[in-house]
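Student: Please construct the entire structure, taking both the sequences and the accompanying hints into account.
From first to last, the protein sequence lines are chains A and B.
Each number in the working numbering corresponds to the 1-based position in the first sequence with 1 added.
Each number in the working numbering corresponds to the 1-based position in the second sequence with 89 added.
These aren't lab readings, by the way, just hints derived from the structure by calculation.
We put the CB at the ideal spot given by N, CA and C, even for glycine.
Heads up, some of the hints might be wrong.
Dumping the calculated DSS-like pairs for lysine-lysine here, alpha-carbon to alpha-carbon at most 30 Å [said to hold, decoys possible]:
{"hint": "1", "chain 1": "A", "residue 1": "Lys144", "chain 2": "B", "residue 2": "Lys213"}
{"hint": "2", "chain 1": "B", "residue 1": "Lys328", "chain 2": "B", "residue 2": "Lys311"}
{"hint": "3", "chain 1": "B", "residue 1": "Lys213", "chain 2": "A", "residue 2": "Lys120"}
{"hint": "4", "chain 1": "A", "residue 1": "Lys187", "chain 2": "A", "residue 2": "Lys202"}
{"hint": "5", "chain 1": "A", "residue 1": "Lys202", "chain 2": "B", "residue 2": "Lys280"}
{"hint": "6", "chain 1": "A", "residue 1": "Lys185", "chain 2": "B", "residue 2": "Lys213"}
{"hint": "7", "chain 1": "A", "residue 1": "Lys187", "chain 2": "B", "residue 2": "Lys206"}
{"hint": "8", "chain 1": "A", "residue 1": "Lys201", "chain 2": "B", "residue 2": "Lys311"}
{"hint": "9", "chain 1": "B", "residue 1": "Lys279", "chain 2": "A", "residue 2": "Lys201"}
{"hint": "10", "chain 1": "B", "residue 1": "Lys213", "chain 2": "A", "residue 2": "Lys34"}
{"hint": "11", "chain 1": "B", "residue 1": "Lys279", "chain 2": "A", "residue 2": "Lys165"}
{"hint": "12", "chain 1": "A", "residue 1": "Lys185", "chain 2": "A", "residue 2": "Lys144"}
{"hint": "13", "chain 1": "B", "residue 1": "Lys311", "chain 2": "A", "residue 2": "Lys33"}
{"hint": "14", "chain 1": "A", "residue 1": "Lys144", "chain 2": "B", "residue 2": "Lys99"}
{"hint": "15", "chain 1": "B", "residue 1": "Lys213", "chain 2": "A", "residue 2": "Lys202"}
{"hint": "16", "chain 1": "B", "residue 1": "Lys163", "chain 2": "B", "residue 2": "Lys205"}
{"hint": "17", "chain 1": "B", "residue 1": "Lys163", "chain 2": "A", "residue 2": "Lys33"}
{"hint": "18", "chain 1": "B", "residue 1": "Lys206", "chain 2": "A", "residue 2": "Lys185"}
{"hint": "19", "chain 1": "A", "residue 1": "Lys185", "chain 2": "B", "residue 2": "Lys163"}
{"hint": "20", "chain 1": "B", "residue 1": "Lys280", "chain 2": "A", "residue 2": "Lys120"}
{"hint": "21", "chain 1": "A", "residue 1": "Lys33", "chain 2": "A", "residue 2": "Lys81"}
{"hint": "22", "chain 1": "A", "residue 1": "Lys124", "chain 2": "B", "residue 2": "Lys280"}
{"hint": "23", "chain 1": "B", "residue 1": "Lys347", "chain 2": "B", "residue 2": "Lys99"}
{"hint": "24", "chain 1": "A", "residue 1": "Lys34", "chain 2": "B", "residue 2": "Lys99"}
{"hint": "25", "chain 1": "A", "residue 1": "Lys202", "chain 2": "B", "residue 2": "Lys236"}
{"hint": "26", "chain 1": "B", "residue 1": "Lys213", "chain 2": "A", "residue 2": "Lys201"}
{"hint": "27", "chain 1": "B", "residue 1": "Lys213", "chain 2": "A", "residue 2": "Lys187"}
{"hint": "28", "chain 1": "B", "residue 1": "Lys163", "chain 2": "A", "residue 2": "Lys144"}
{"hint": "29", "chain 1": "A", "residue 1": "Lys165", "chain 2": "B", "residue 2": "Lys99"}
Chain A regions said to be covered by chain B (calculated; three or more residues, Cβ under 8 Å) [stated by the list, open to error]:
{"hint": "30", "segment": "90 to 96"}
{"hint": "31", "segment": "158 to 168"}
Chain residues, written in single-letter form:
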Amino acid sequence: MRSWRDFLMKNKKYDGVYEWAPTSEAFYRTIKKFIKKEDNILEFGSSTGHISYRLAREGYNVTLLDIRREPIEIAKNNFKKNNVRANFICADIFDCTNRYDIAWNSGLIQCYDDDDKDKLINKLTGITNRVLLFYPDVENPKKKRGTNENEVPGVGDAKEYNIKRIPEIIYACFDEIYHGILEKEKIGLEYDMYWIYAWKK
Amino acid sequence: MNAKKYDRIKLAEDFLLTSLKDGLAHSYDVEKNCWVKPYPEATGYLLSYFSEHFEDVPSQILYVANRLCRIQHKTGGYTSFDDNRYLFTFDTAQIMHGFASLYEKTDEEKYLDVAKKCAEFIIKMQIDNGGMFPIYDTTLNAKYVNKNGGWGRCFSHIQVKNIEGLLLLYELTNDSRYMESAVRLRDYGKKHCDLTFTHPGAYCLEGMLAISEKDFVYNKLKDEIVPIIQPYGFSPYSKGLSYAYVSGSVQMGILLYKVGLKKYANSILGWARKVQSNHNSGGLFQYANADGSLNHDIHTEINSWGTKYYAQLERLFDEK
Chain A
2 MRSWRDFLMK NKKYDGVYEW APTSEAFYRT IKKFIKKEDN ILEFGSSTGH
52 ISYRLAREGY NVTLLDIRRE PIEIAKNNFK KNNVRANFIC ADIFDCTNRY
102 DIAWNSGLIQ CYDDDDKDKL INKLTGITNR VLLFYPDVEN PKKKRGTNEN
152 EVPGVGDAKE YNIKRIPEII YACFDEIYHG ILEKEKIGLE YDMYWIYAWK
202 K
Chain B
90 MNAKKYDRIK LAEDFLLTSL KDGLAHSYDV EKNCWVKPYP EATGYLLSYF
140 SEHFEDVPSQ ILYVANRLCR IQHKTGGYTS FDDNRYLFTF DTAQIMHGFA
190 SLYEKTDEEK YLDVAKKCAE FIIKMQIDNG GMFPIYDTTL NAKYVNKNGG
240 WGRCFSHIQV KNIEGLLLLY ELTNDSRYME SAVRLRDYGK KHCDLTFTHP
290 GAYCLEGMLA ISEKDFVYNK LKDEIVPIIQ PYGFSPYSKG LSYAYVSGSV
340 QMGILLYKVG LKKYANSILG WARKVQSNHN SGGLFQYANA DGSLNHDIHT
390 EINSWGTKYY AQLERLFDEK
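Tutor: Structure, rendered in structure tokens:
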């Protein structure tokens, strides 16, 4: 039987619709450690949601949420093309009122200053008891740090802030935390990515 | 038993050396009559103690040092007891101090290497406010903290004690990262020091004293510990409790001595002698009642760390 890794190395695209990189694989594997089949899973700031696509294809109940209309429409088409079911919401995470078993995101938290990080985390505690966040080591000089204050957080060159206080900020709102590193050598980047999983009872 | 001071210290030290089974310090359960809880952290304390107080480090200590070298995780961390999944920052820091002390005594580079690996682990566990993740989960390859997990599992003031090992290692290597980490822990300690319970509170104060915060320690002791010490030396684990965590009491005695509040230190020492006299092993119960007898509420063990602190307190008064 061919492994996912073999499949992806040869095809580069998942089901012909999504690019799949070593970072995608690393995020996917990390997420899988913390989700259960019966979970309602929210990916906020999802963009076109290639990892959520794979999860949905495996039978997970996923919702993609992004403030931008275009990536959500692309995601809808991609999912529909392959008959993969999911929920799609075009909205600001701060306006989200549904509840989820777990909410996750990659590449957004570092685009808020510490006060706004605090607001985001507080918002998340209102919609879920479990969060999983990925963010880059923006302190590494090899990471080209986003500078555009007018860009939507998490998109393109959006300004990136200090990440040092993230564990502390999350600890203030949740009961337990796991904090890990995806090392640059293993994910094909020039800088590490961090992940943080937190939950409250 | 009406032992003289020398005999009391000798009895305690004999207990400590006897507690080393299969290369690790154990506690002794006086009701079950058996040794329990192989404890790497407590073994680290013994490396420090016997390196600092003995001209020739006992062979048993060198044997356990070599055992500890072998069981160090590749990250540099150490387990607590015998659950290999979790590595503990605090425990690793005490072992780091033990190896740094042993290196200082013997000049054996392998001991310094182990201490430096410990330090790498510890520094990686530090967060921006100076506190430290308490646990590393080797299954998930991730740091872990639990807000409701008590002082061993939350972001806790006990980590401030790690300053002692970091500063010793800084003196031995001149690596400024160790000093920087210690300074950040000091800042954390100033904000989060909590003397609600004697034992964890004393850990924090020990670190603060090591980094020259004598006034801070003096004021904390005077305001929060002196008022709970009974005239005959008993100091409860926490205000209002009927029993003491003996190590915590004796740790406070050492701190009181070092900041110049010797009257209270002497009083605690007198009470601790009563505890020691209540068992013929020379060791001190982990939990004792006000009269020095064994308290059965939690467990019935004699431990090595409390006994080690007791021997230290006796030696302090001996030095004058």
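Student: Any hints this thing doesn't respect? Which numbers, in order?
Tutor: Going through the list in order, the structure violates hints 4, 8, 13, 14, 24, 29 and 30 and respects the others.
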